[in-house]
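Chains as they are written, first to last, in our numbering: chain L, 1 to 167; chain F, 168 to 269.
Since the hints were made in silico from the structure, they are not lab data.
Any given hint could turn out to be false.
[As the list claims (entries may be wrong)] Below, a sample of chain L positions facing chain F; criterion: calculated Cβ distance under 8 Å: (1) Tyr75; (2) Met76; (3) Val121.
Being a predicted model, the structure only gives us computed values, none of them experimental.
Built from N, CA and C at the ideal position, the CB exists for glycine as well.
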Amino acid sequence: MLQTVFTGLFGLAAIWFAVVVFRTSSMVRSALALLFSQAAIGAMFLAMQTEFLGVLQLTMMATEMAIMAIFMVMYMMDPGGLGGMDMTHQKRASQVSGALGGLAALAVAFFVGWGPIAAEVRPGEQVRGLGLEIMERSMLIFETAGVTILTAMIAATAIAIKRRGKE
Amino acid sequence: MTTLIVALAVGAILFGVGLYGALSQTNLVMIMMGVEVILGGALVNLVAFWRFLHPEAYSGQMFVLIVMTVMALDMAVGFGVATGRFRARGSIEMEEARDLKG
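All chains, please: the whole structure from these sequences, using the hints.
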């Protein structure tokens with residue numbers, strides 16, 4: 001019962017802050033709202049007894065969103081939102097698509113028979129199980145993810161770097 | 168069962184909000200924020216499926232780790248493109264990026 005309440009509360013916080021991201025005109029507030037939304041998702045993981053992923057989500061998103069806030073201030077034309085610029089387009093189509101997508105996913109959540117609920121797993125077992133999964137069965141996937149991150153870092157730097165002769 | 172449904176409902180609503188954001192925003196960084204919200208919804212669903220349906224299969228948690236990696240990659244490459252675009256045109260407004268059309 002308590003688990004449902006906390007999952008629901010953190011879920012509501014995640015949704016509320018996700019909505020604020022696109023409602024506020026200040027880009028810094030927008031980045032902070034996304035940070036709080038992702039942090040609430042991390043707290044949901046903790047409420048669902050997924051400790052390792054919950055802590056990982058919290059730490060990763062805190063750094064990621066801090067970097068995002070810096071980029072937003074650097075590149076946005078009106079980062080403080082004081083100019084009252086409208087930075088949206090195709091509003092009607094976006095609202096309809098968002099509502100339809102969300103309703104379709106909700107329908108799946110409510111109308112599919114999900115089967116019996118599994119018993120709880122202790123945190124110690126979880127970390128051990130995930131460690132074994134990473135180092136045994138899914139090692140190739142994990143290694144591939146690492147190499148992909150390295151490739152993306154090099155590619156992102158190559159795209160962003162100033163080209164010679166193009167001052 | 169109730170907690171699973173609550174988590175899936177939160178994931179579904181986050182997906183809808185993120186989809187709206189990704190489609191409605193004109194700025195590249197804001198579009199990336201929409202994608203992050205969508206991926207956040209996917210993460211909630213994955214964790215709920217793992218915890219309430221198959222906690223014995225740790226490939227579920229592995230899947231979450233991969234989605235987190237995708238989120239980080241999305242940010243890294245997106246900011247790389249944003250920096251390149253800003254250097255070239257002085258703006259990252261996607262309304263002005265129609266010249267990318269072939």
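Each hint tested on the structure:
{"no.": "1", "hint": "Tyr75", "result": "holds (5 Å)"}
{"no.": "2", "hint": "Met76", "result": "holds (7 Å)"}
{"no.": "3", "hint": "Val121", "result": "holds (4 Å)"}
In this structure, every one of the numbered hints holds.
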